[in-house]
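> What follows is each chain in one-letter form.
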Amino acid sequence: MRSPSKWHKDCHGGALMVLIGLASMAGGARLHVGTLVQMGPGFFPLAVGALLALVGIAIALRGAARSGQASALVRPDWRGWGCIIGALLAFVLLGAYGGLVPATFAVVFISALGDRKNTLKQAFWLSIAMVAISVVVFWWGLRLQLPLFGWR
Amino acid sequence: MFYKTLSDLAYGFGVALDPHNLVWALVGVMLGNLVGVLPGLGPLTAIAMLLPLTYMMHAVPAIMMLSGIFYGAIYGGAIGAILLNLPVHPAHAVTCQDGFPLTRQGKGGVALGIAMIGGFIAASVGIVVMILFSPLLVQIAFRFGPAEIFAIMLMGLLAGSTMSGGSALKGVAMTLVGVLFGVIGTDVNTGDMRFTFGLLELQNGADLVAIAMGLFGVAEFLRNINHASFAGVASRVRLRDMLPTKKDLRQSAFPIMRGTAVGALFGALPGTGPTITTFVAYALEKRISKNPERFGHGALEGVASPEASTHSKTQIDFIPTLLLGIPGDPVMALILGAFIIQGINPGPQLITEHRDLFWGLIASFWVGNILLMLLNVPLIGIWVKLLQVPYRYLVPSALFFIAVGVFSEQNALFEVAEVVVFGLIGWVLVSFDFPLTPILLGFVLGPMVEENFRRALILSRGSMATFVERPISRAFIVVSALLILLQVVAFVRRARQARRAGR
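Going line by line, the protein sequences match chains F and G. Read left to right, the first sequence gives residues 1 to 152 (this note's numbering). Read left to right, the second sequence gives residues 1001 to 1503 (this note's numbering).
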């Protein structure tokens, strides 16, 4: 027996598909399923979920046949990763409670710091430039419905 | 009939040459050209980003601009492939094989020139095919009921997921995931909420732009950050270098025609991606060549044929999208979304109900292609410089444009959060080597598939036999079955070869 870590990543990918398929089937079953003549809202998700689970099993089986072949997952770059997600979430938060200018500054500044080659100074000036574009093009030019500063 | 078509076309040119429309078409092809050159920013991303901005535009210029991005990007893609050996978009990967060796021999300019001339000829042929076949297709399309629409969509989804390159099973899985994303929201028939997780914001379904931006913008950045930086070596190309000699022209005339034919064939099949088209064109050229060993070392035919095929395919792709409402590939799916957002339902009635849009769009393809030919000459130098814009500046700026673009769509910050969720989903799927484009195709077609499936079965009183009893529907079902069979046969053959090799 091979240890689980040596499994081809298709096994995990296939398992993920089975999981999504089963979840969709469960979700569909909770709605009214109906019959072929009068289908309820649950019929389609149930059927598609079942198909997906079957395809997932096939993917996992094929992956199992290839176990032992090199299939390393790409290690995520946690810093870049956190900064990109954080930047977008900051835009959502500051868009609601701060206004367009802080939101723009935050999304550019935080994501710029995600790249190791950027210095604080470069990130700062890039953000200032984007704030200028944001105000001129989107707020003034395209009348974006978001105040420059302000709490809601 | 013939004179009617000519007068319609003349009318279309009137619409396309209207200064207001012309400017937007120009903006579209320029932008398309630009994103075609830049790695990581394809026409899909560009159209998704600009979709919200077209809400306040009139339908005709909006669609002209978005379409311009689509075919403009193909001209741009050839530049990166030939001059820098960068397969910016998978469809052009095959162009690198002979394009870059030509550049190293100092003939990069000629290769570009041939790619452009071939592209223009192929696009023109594609447009003529559109003009001639659209009225025919309309007559057939009016006989389409729910069973036929379901069958053709099934075929499109199968073709799209199994033939877009990579593992067919994974493509099917991703299409199904996309279909499930399409289930989110209110059920049209009963009004039940499905998969909304109690969020009121989701009752109108997941947002197409948010999905596209998450999967093709954010997921891409998550994967590439700190791994990639734009490293391109610039080489200068002047107009003089781009003019092919008579010998070059003679050498590439037939490959251009064959490529055009391959593209036309694949354009008529919904779901087949541009990548498979260019690969088939290249393989065909290599097979019929008298000295195939030249390929891979700078054979002009290896550039001419694939580039021509992708141009004719792109133009002909518009036929099923406009007249049946069935998009051939994910970019077409987004353009279809743009139609629906503008309140225009694509279908056989489009030609008569929106005469200005249909004929104007066709004429604008021609105008746009001519503009691209003229623009490309002075712009190539600039594009090559742009390839040197470092990734570390591009990602933050693009993230801002994504955030603000998605927000402006409905003035809802919720949709920006949706982008984050789909970005994460996309990143997980990409790490397991799943292709992402079928998701979008499934998402757009899924609701239509469900609706027509339900309607067809209501009409047939629950008998599944209706799909094979009706002749048009049966033809599509048979093709779908053949597509599956093809995959099974290929799988068995591969398995046998592997066993033999293992022995």
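If you're looking for bench data, these hints aren't it; they were derived computationally from the structure. If you're wondering where the values come from, they're calculated on a predicted model, not measured in any experiment. Positions of the beta carbon are idealized from the N, C-alpha and C atoms, including for glycine. Among the hints, a few may not be true.
Unchecked claim - Listed next, the stretches of chain F that the computed footprint assigns to chain G, with coverage defined by at least 3 CB atoms under 8 Å from CB atoms of chain G: (1) 14-24; (2) 30-41; (3) 109-117.
> Indicate, hint by hint, whether the structure satisfies it.
Against the structure, the hints come out as follows:
Remark: the segment 14-24 of chain F is confirmed as covered by chain G, as 5 of its residues place a Cβ nearer than 8 Å to a Cβ of that chain, reaching the required three. Only residues whose C-beta sits within less than 8 Å of a C-beta in chain G count toward coverage, and the segment 30-41 of chain F has 9 of them, enough to reach three; the restraint holds. Here's how the segment 109-117 of chain F fares: 7 of its residues keep a CB closer than 8 Å to some CB of chain G, so the rule of at least three is met and the hint holds.
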